[in-house]
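S.K.: Take a look at the letters that make up each chain.
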Amino acid sequence: MPLRLLKFAFSREYPETRMFRQPDRLQSSYDAVIIGGGGHGLAAAYYLARDYGMTHVAVLEKGYLGGGNTGRNTTIIRSNYLTPEGVKFYNESMRLWQDLSQDFDLNLFYSNRGHFTLAHTDAAVRTMRWRAEVNKHYGIASELVDPETIQKACPLMDLTCAGHAPVLGALYHAPGSIARHDAVAWGYGRGADRRGVEIHQQTEVLGITVRSGKVTGVETNRGSISTSRVLCAVAGFTPRILRLVGLRSPLYIHPLQAMVSEPMKPWLDPIIVSGSLHVYVSQTARGELVMGASLDPYELHATRSTLEFAEGLAAHMLDLFPCLSHVKVVRQWAGIADMTPDFAPIMGKTPISGFYLDAGWGTWGFKATPVSGKTMAYTIAHDRPHPLIESFALSRFANYELVGEKGAASVGH
Amino acid sequence: MSEAGLHQPFAKSTLPQEPLTDRPSRRGDRLPPMPHEWIDRDRIIDFTFEGTHFWGYAGDTISSALWASGQRILGRSFKYHRPRGILSFANHDINALMQAGEKLNLRADTTPLEPGMTLAAVNTIEGVHNDRASLLNAFSPFLPVGFYYKAFHHKRLFPFWERLIRRISGLGQLVPTTPRIRTAKRYDFCDVLVIGAGVSGLSAALAAAAAGADVALVDENAQAGGSGSYQLGGELALAETTHQLVQQVMHHPRIRLFTQTVAAGYYTDHWVPLVDRDHLTKMRAKAVIIASGAYEQPAVFRNNDLPGVLLASAAQRLIYRYAVKPMHRAVVLVANTDGYRAAMDLLTQGISIQAVVELRSDPIANPWIAQLRSHHVPIYSGYCIYEAKTNPAKDGVCSAVICPIDARGIPQTGFSQAIACDGILMSVGWAPTANLLYQAGAKLRFEPSLQQFVPDTLPPGIFACGRVNGVYEFAEKIHDGQNVGVTAFEYLNNPLPSNSCPLSRLPSFTPPPLHPAPFIPHPKGKNFVDFDEDLQYKDFIHAAQEGFDNIELLKRYTTVGMGPSQGKHSNMNALQILAQITGKSPGEVGTTTARPFFHPVLLSHLAGRSFTPKRQTPLHSRHGALGAKFMLAGQWQRPEYYARSHSSRIDCIQREAIAVRQRVGMIDVGTLGKLEIRGPQAAEFLERVYTGRYANLKGGMSRYALMLDETGVVIDDGVIARLGLDHFYFTTTTSGAAQIHRELTRWNTIWQLDCGIVNLTGARSAINLAGPHARHVLAQLTDCDLSSAAFPYLAVREAIVAQIPVLLLRVGFVGEWGYEIHVAAESTPALWDALMVAGAAHDITPFGVEAQRLLRLEKGHLIVGQDTDGLTTPREAGLAWAVKSDKPFFIGQRSLEILAKQPIQQKLVGFRLDPAFQATPPQECHLVIEQDEIVGRVTSVAYSPTLKQFIGLAYVAPEMATPNHRFNIRLSNGEIVTAIVTSTPFYDPDNQRQKETIAHPSQVAA
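For the record, the sequence lines run as chains A and B.
Taking my numbering, the leading residue of the first sequence gets -11, the next gets one more, and so forth.
Taking my numbering, the leading residue of the second sequence gets 85, the next gets one more, and so forth.
If you're looking for bench data, these hints aren't it; they were derived computationally from the structure.
Even glycine gets a Cβ: it sits at the ideal position worked out from N, Cα and C.
Incorrect hints may appear among the rest.
Here are the simulated SDA-like pairs of lysine to any residue, each with C-alpha atoms no more than 20 Å apart in a straight line [claimed, not checked]:
#, chain 1, residue 1, chain 2, residue 2
1, B, K239, A, L(-9)
2, B, K622, A, Q90
3, A, K76, B, P607
4, B, K478, B, Y164
5, B, K234, A, D91
6, A, K50, A, Q190
7, B, K234, A, Q190
8, A, K76, B, T208
9, A, K394, B, G949
10, B, K985, B, D970
11, B, K608, B, F226
12, B, K1079, B, S871
13, B, K622, A, T5
14, B, K991, A, E389
15, B, K713, A, R6
16, A, K253, B, I209
17, A, K394, B, Q823
18, B, K985, A, T148
19, B, K1079, B, G949
20, B, K234, A, E80
21, A, K253, B, D970
The calculated label-pair distances, taken between Cβ atoms and stated as ranges, are [said to hold, decoys possible]:
#, chain 1, residue 1, chain 2, residue 2, range
22, A, L147, B, F244, 43 to 53 Å
23, A, T148, B, H730, 40 to 50 Å
24, B, Q887, A, R292, 38 to 48 Å
25, A, P339, B, G493, 37 to 47 Å
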């Protein structure tokens, strides 16, 4: 029993205070306004306050804290990407993740489980080798492993996948981890709040005022704010915010669904991903299997669930793990993913002065939470993109400078 | 109200006192036969639970059989490992989950008893009676809400704590040897789907069917009837009325009744998965009536989780369905009319009621109060149960400590008294079973007079009746069901855009069925709100204190409703507690999102038989007979190579390749995408989607075709043959076939050109005959003039080969004289056989994908997808020659124009290793390293038996792309291999062998 839990048994009063205040009204102006109280927005607020002393900042969240994709993803954290830009960026994120629980004094259950991306075709083996080689070049633990190694780490897997798609190998990424997603938002939220940042939930942005190409303010359902700096960190809602300032992006929005099983005694240590079967799965500390698959095949700005998704994912889960026949699915849910053509994010400055963008997080946003917050805070504070995100600028699409991460997407989307 | 006036304390002494230690005999807990009971007393079922032998009747559930046998501890709770018994007896007793062999997390409250079952409670250490993990209960003061966020995160120690936590977490045990189970799925259709076969659902089904609708009625219980069969207040006549409704339904020709079937979710367009024990049926309805009733909600007081503390409806179900005595001496906690009914149901069955504890200080008059009083049942109004006490055996409740409660809900503990009992009933409120309504997009509003969320607006074709619609009384439920049944039928013929008249009038009674605050604080806690997750009342107060005072945040922080029951007995109380804390109305607090599934669904049911398409070419059996080793190419199975005894894989591949170079070989290329386009604007269409020029392609000729996406990236290639002015036949890559066809169809939907595209990939097949003897082999089978003059390179001819109509394309992917012979799929085996016979004298050799890859590599031909990636442009891949930039338009053209102004990042080049190279060769995707930076990668590499050296293709920095430049390839083990840039083709650089300049086969030395 950790000593720090003693106070709960021996205090007369419950010894905890609010993690985040609930300001009853908006101020008339802020040094910066962050739209979106998810992991990314809160992380940016946290680092702005902590690293740059910018505390007169409001985070506006139209729903509740961490209620978007931060609370809907399957919590996989990895850095085994394909492009040098991606690898460096996500590797910095992994570095930040390591210390986050202690920085926050909040246990994020950052759990290092190891991550296998299964290859079922020789083309997939080639891509895995490519990723492994690029990863190793940048000092990231990543290697192509043979079926025997996979079987050893995961004895209950049927490597023939019911004969449909035999596993030929895998990319093994030892640092691959999972974390308690909601707590990430709370940790950043509390850290930002304690440094003076105001978090306004149930506050919807209705307009953004731009004069002479510069941001001057934000209109909300709770009143107007004047500010010269606005960060848009709203994932699937990005096109709606961009419309308010007249910017276009190549984002396309697809639902991404997931589901979770009843708890069972832990048996699955690593995170398993199969591109061919469109499956990713890990087992939480509660014993549930958290399972995801590829994007819904059509554009849609909604978070409805579909039966087809559950059926398809279940079939592929049984292909991989026959022994799950009697396991039950408790719940399915969905988020909306803002996909980019090259599967890399859109970060940094925009043609509108003072309007910063943190978007294009598609299916890979959660793992980038710390580094996106850190680099966006830098970008806002200096009005200059952080070196790690220079190649992720919105302008890359017009300039044909794409960052081809499609090959590193966890499953074929 | 005077009738229910405060109980006089001396009344207690008049009650018969029985010693609390005597256990009821095992058979003694079965009541005399009930009318329409669900058990078959003629069939005894033996089973074991936790190593002890038990018996029950056919029709029993695990819980009813154990309870009837006096077994009170059915399981242990998730967090504190507290003993738990029956709570809901309605498919959300998450603390009574069983392991039965390889079946895990079986719900004892609803799982039918089967002969020979060997059961154990899940998640215990050394059994349910002496669970060593119950030590955690003693530590509970140290484990506040969200305790796992507050500790264990010291970086060095976390792995230790995590291992410990993972050891004790989870419920059932996965059995590794469990086989993969594939169940068939069914599809079904109906006019009106009625979900819930209680009184209102039965009435709705009958009314809709009477009007003429084809009705499907589903209920998760073993038999229809719902609460109409057990919530009787002692009036068996009600059960009889219900029984008659059920009989009518069962004999109605237009109603199909599905019992033990869960409507597991609602999906767009009235698509409802119905899950029974063996199958998932996908039901498509034209209208859906949701008559799913309500969940009874627990009162929250200390030790409300002790075995023997039950929801009133659980006790009623035990009595009327299974003839099981829930207890012998009961205390009944009530806050609504239903509680008095439940008390009467006990009393009628001879169960003594020690006290009725009425939470409200002035309950509304009801007929049962007088009846109870006439049986000398003391009624304590304005009282609460402050806590339940455990018996010495620690397997159940032995008394209820009650005390007055003031108007603010504060228990007046100074006036407390203990009432001996062996069971407590809780009847304080209901929450609507609105899950499917929410999933269907219904909007609900909070109705204060009912203290319930009721439908406000319903989407088209969705209807609600009965308790979920706020209608509680028996007669009114029948009426409501009938109304809705008729309305649903009318909707079938006149589907209105919206129907928003869910609750036409409020029910006639005024006391709300839900007490807004049945929460009794206790300094020592253990007053549980969520039994799945062991969440106590104070956990909610503390979570709110920590800032989680919004329903969604509260859920996520406390995990309320996140257990397997998904909050069926906890969400409403959590919401009411939060409303209390924040001073908001429940309507303002709102609910969390209801998502599928209503009850958990087996992966095997969801998976069904699993449809994994596999494609075989018409020649599959021929390949098999020749010893082919198959590989997957997309969905296709293709011969990787043909195995020969005493030959290694690589020897087989090289032998096949050499045969093609020296004599003749043939390969099944039936997997290529094969498309046909016809129409006046067919040429125009091809000009737009491919980079080359096709308007000027002569009839009877073919040309290479390269396709880009809008960003100028190479996505596919193939060959286009012109068969007539308005008629083209063309191929795509094997893996791209379906996608390219879809993409072309999409484009023409946008462009609306006058042409039609047909995908012939499955209808036609193809064989590539290649090698210096190819013409000689083919000439034996056809009258077609194969001379160079009549049939030049890249020409296309319709011909008869071995009496089979074919299309001959003189193309040469492998770099030899060759013919791609396209033929109707069904004629392919005959053609193959004829070629084998005709080629026998030339030792014709079938070759597989690997030999083809080697042969094309010798020619420097790239494979899209292997030698290109998601960002490769034609210029980088050395395909600029195939791009006719001066065309008015093609997909990707604008991007190429922009890219043309930029320097390229890399270039695909041929390379070779030193002929003397003996060490480990590089593999595909090994990196090209220059000054410790990544400058490219190998995309193809192989040993060429013809050239007697390793050759390959690689991307390198543009400045390195000059012949004889030496560059470094780094292997996986870090070793560096030097490669030499070499112009391609490596083999036959002038392409003489596939063209006219080659001598006739008879003049070639074999």
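S.K.: It remains to establish, for every hint, whether it holds in the given structure.
M.R.: Against the structure, the hints:
no. : hint                        : in the structure
1   : B/K239 - A/L(-9)            : 15 Å, holds
2   : B/K622 - A/Q90              : 27 Å, violated
3   : A/K76 - B/P607              : 53 Å, violated
4   : B/K478 - B/Y164             : 15 Å, holds
5   : B/K234 - A/D91              : 13 Å, holds
6   : A/K50 - A/Q190              : 4 Å, holds
7   : B/K234 - A/Q190             : 27 Å, violated
8   : A/K76 - B/T208              : 46 Å, violated
9   : A/K394 - B/G949             : 13 Å, holds
10  : B/K985 - B/D970             : 16 Å, holds
11  : B/K608 - B/F226             : 13 Å, holds
12  : B/K1079 - B/S871            : 11 Å, holds
13  : B/K622 - A/T5               : 15 Å, holds
14  : B/K991 - A/E389             : 16 Å, holds
15  : B/K713 - A/R6               : 65 Å, violated
16  : A/K253 - B/I209             : 12 Å, holds
17  : A/K394 - B/Q823             : 17 Å, holds
18  : B/K985 - A/T148             : 49 Å, violated
19  : B/K1079 - B/G949            : 28 Å, violated
20  : B/K234 - A/E80              : 26 Å, violated
21  : A/K253 - B/D970             : 65 Å, violated
22  : A/L147 - B/F244: 43 to 53 Å : 32 Å, violated
23  : A/T148 - B/H730: 40 to 50 Å : 27 Å, violated
24  : B/Q887 - A/R292: 38 to 48 Å : 57 Å, violated
25  : A/P339 - B/G493: 37 to 47 Å : 59 Å, violated
Checked against the numbered hints given earlier, this structure breaks hints 2, 3, 7, 8, 15, 18, 19, 20, 21, 22, 23, 24, 25; the rest are met.
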